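Asks: Chain residues, written in single-letter form:
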Amino acid sequence: MSKEVRAGIILLAALLVLVRPVQADTLALVGGTIIDGTGRAPLENGVLLIRDGRIIDIGRSRDVKIPESAQKLDARGRYVIPGLMDAVNLTWFPMDLESLIRYEGRYHELFLEASQIALKSGITTAFAMRRGHAAPMKARDMINAGEAPGARIFVAGIAFGVYGRFAVVPPQFAAGRYATPDPEAKYLSRSFVQRINGDWEQGSGGPESMGPELLWMTPEQVRAVVRDYVRTQRVDYLKYAGNDVYEAGIAFSPRVQKAIVEEGHRAGLTVQVHTMSEEATDLALDAGVDILTHGDRSGPMNPFHEATIRKMLERKVFVGVLPQTQRYLDAREKTDSQSYDINRFKIAKINRGRMIKAGVPLLLGNEASIRTPQQLAELPDLPELSFGGKLGEAHIHALMALEEEGMKPMELLKTATSNVAKAYKLAELGTLEPGKLADVVILDADPLKSARNYKQVHAVIRDGRIVDLNALPLNPLITQ
Amino acid sequence: MMLPIGLRIAAILIAALLVIAAPVQAQTLAITGATMIDGTGSAPFHDGVLLIQGGRIAAVGRSAEVVIPDSSTRIDARGKYVVPGLLDAAIMLFAPELETLIRYEGRYHEIFVEAAQLALKNGQTSVVVPWGPRAPLVQARDMINTGSVPGSRIYLAGNIIGLGGPFSASFFSQWNAHVNRAFAERSNEAWEQGVGRNLSTLTPEEIRPIIKDYAQKQVDYLQYASSGYGNGTENFIAFSVAAQKAIIEEGHRAGIAVQAHTMSVPSLDLAIDAGVDSLSHGDISGIASIIPPQTIRKLVERKIAVGISPATQRHVDALEKEMPGEYAQLMRVAKVNRRNMIKAGVTMLMGTQAFVRSPAQLAESAVAAETSVHGPIGEAHFYALLALEEEGMAPMEILRTATSHVARAYKLDRELGTLEPGKLADLLILDANPLASARHYRRIHTIIKNGQLVDRDALPVVRVFTVNRVQARSVSARSRLSKYIPILP
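Protein chains in written order, with my numbering: chain R, 211 to 690; chain U, 32 to 520.
It is worth saying that the hints were derived from the structure and are not from the lab. Please note: incorrect hints may appear among the correct ones.
To be verified - Dumping the calculated DSS-like pairs for lysine-lysine here, alpha-carbon to alpha-carbon at most 30 Å:
hint: 1; chain 1: R; residue 1: K468; chain 2: U; residue 2: K514
hint: 2; chain 1: U; residue 1: K514; chain 2: R; residue 2: K348
hint: 3; chain 1: R; residue 1: K348; chain 2: R; residue 2: K275
hint: 4; chain 1: R; residue 1: K521; chain 2: R; residue 2: K600
hint: 5; chain 1: R; residue 1: K544; chain 2: R; residue 2: K468
hint: 6; chain 1: R; residue 1: K348; chain 2: R; residue 2: K659
Computed from a predicted model, the values in this text were never measured in an experiment.
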């Protein structure tokens, strides 16, 4: 290597060190309209001070003293809100056969890539469900340790109950489902399928043991399984199946559901439930769950009855939703009016409208994922895709859907921030208040005017640091 | 990037050392005292001497007749048998399985090299690859030919002209539901190389220039589809006789051999009429009918070499028992065809269609006994040789079917296939007489390729596909749950 090249590298390294954000000092967001996510009225010409990763002060310009050494970020004419929290993000990356094979051993990088794309769009916290154990946990730990940028990830691991495919994903991999031969596994080596299942099912056993077997066990036996699971696995919350994944069959008896919820709570974890029908929703509410993962779903036949919605309010549950705009549903109905799904979606929209009216606290979800350019091209060409859509823009469409369903602008923000933090008992997140972790989004346009304005991301601050949005995702494996 | 001067000098020094350490070409290697079976069909002779110089056979004869230079390195082969290195007339190298195609995309050449090393390790000094992605095959072939890695010589056809790639209707279109379209298309293109299924819709004159181009693409011979692959729905005749003639003529004009892929008697007859040089697996005639005597007579008269993939009776019986169905039936019919062709004196070429197997594949596949066809590389050809013996082929003809006949059929006989002066020094020294029993081909004492001793223990040097992956626990749900459910039996 020539001297010139070496000198160049040293210079470059020095430059890189220099341009990193200075950590020790205070960061001041100055002059913006602060909407703190508590529901309080917006604060115009506000100042928000951040030090050591936390919010230390917040108020009107004249009330807050900005230290002279502070790094100032001019937010005049802009809107300062808490970082968005995506409450239902089941599909972190396309679990197609090809990606599973091609990226074996590197799944955590896909989680990192997804969390970086989420962060870039203003989502500072996301919740990974299903999709294996080791990979989301490794990504979570790397992000928490500061080894990689990305949205905070909280991991549920497996979902208890139903047959293995619920935990295995893609569903076809589960060998146990009514002993139906697995259509994809026949093209694969058994050992590969075992490796995948092993990863997805780590800790509590293989797909079978979290599947039908669990349904045959007594409440006390299931309790022991869950207790061991939370003791041995570093999960952040628990999830179990109220229904089968796609069908309406009820998974666990009320007694077993109570046992699961109790064991979660005993370990200090929130417990949520996957439901697809009104009856399953009702049973889960009786069992004392904290969250309904997608509680806007009551099946393809009937919307929720008033009594169920009243019960949601009484039991103070938080209800995750997967909102879809009318424009999307109309377009979808044109292309596939006969499908079972379209009725479920239409009824879910009625349910959300009723829950919004009744004041049920909702949590924004969209089950979006990252995809290869090819997979994106193959998505149906429908407008405003949210549920199952493209990570980074699906949540905007979901917010637009809630807006058209009658949710008030301030409630909309809470649905994507403080409600989520409360539901998951994450006291350090969700609002802009002194003492909280400094996860902040600065928007160029007023989110209270239009849900579309959540798209106008000017800056993202996570853990008190300004995120270099242009650099994300750092090492894309599948999105480029 | 420029290296510092010190490093540059070191690099030059190392290169110089490597050159010095390489075997001195001028030197002679002498194999003495062996029974020579030269693969031409001439009778074996005892107490023979074979001299190797510069990678080629310099002389071969009785010890009384051959003068061994004083400076020669000698291999004492008294009591042993020297035969030409074995050739595989049709080997797959790796199985085009979905998982493999995805996992190793961009690294196929490494698996090809690995497979070629396993073949070499077991006495196959040259292998002919009838179907595969051209570019990585060429890459593997050239890596081996330039000596940058050890391995069996690879000769390749690339695509079967007229058939599609692995994700096309010619083969495994059912896979398409599970992969990105881009990957499937990329893969098909890697195989098809412009001579895919569309060709069968063209006239002979339209086909000609396409074949002419393809023959220039570093392929060693041409193989075209007289019939489809034969996967149930694809049993059609692919090309008319006129179109087949055009393909054959263009191949010959380019100086390379032309082979036909046939899966049925009608497609076989058409290929014969078109004047093809050889058939890729002419022992296969479907599940219903054997090859009629008049067709076999034509094969003899026209001197068409017939590629075969022999299987032992034990294997065919096991197939019928363990996986009864069309494949077992196909194999049973093929065995009858081979017996008839052997009787009639058809020139045959032994191929195995063998694959390299991963440890997982070896552990998981339900392999019937003595698998030769599509068997594991390194094993398959030994069973194929046994099968030929059992089907009534004379010992000397068995040797030629796995050596000189193959070389001639692919127009490689100027360099390969026999132990004659001037040929490349690819040979095996066996501990037991292969003419006494086909089992003795396993008794390999020494392998010499290109005049150099092969370090068999070191092979395969490239390990991509044969490495063990970490296995997941495979504890049954039942045993995992038993601690929660004490009464579980």
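Asks: For R/K521 and R/K600, compute the direct alpha-carbon distance and say whether it is at most 30 Å.
Replies: violated, 34 Å
Asks: Regarding the pair U/K514 and R/K348, is the alpha-carbon distance no greater than 30 Å?
Replies: OK: U/K514 and R/K348 at ~29 Å, within 30 Å.
Asks: Can you confirm whether the C-alpha distance between R/K348 and R/K659 stays at or below 30 Å?
Replies: Judged against 30 Å, a Cα distance of about 39 Å means the pair is violated.
Asks: Run the distance test for R/K468 versus U/K514: straight-line Cα separation, threshold 30 Å.
Replies: holds, 22 Å
Asks: Would you mind confirming whether the straight-line C-alpha gap from R/K544 to R/K468 stays at or under 30 Å?
Replies: violated, 43 Å
Asks: For a C-alpha distance cap of 30 Å, please report whether R/K348 and R/K275 respect it.
Replies: violated, 41 Å
Comparing the model with each earlier hint shows violations of hints 3, 4, 5, 6; every other hint is respected.
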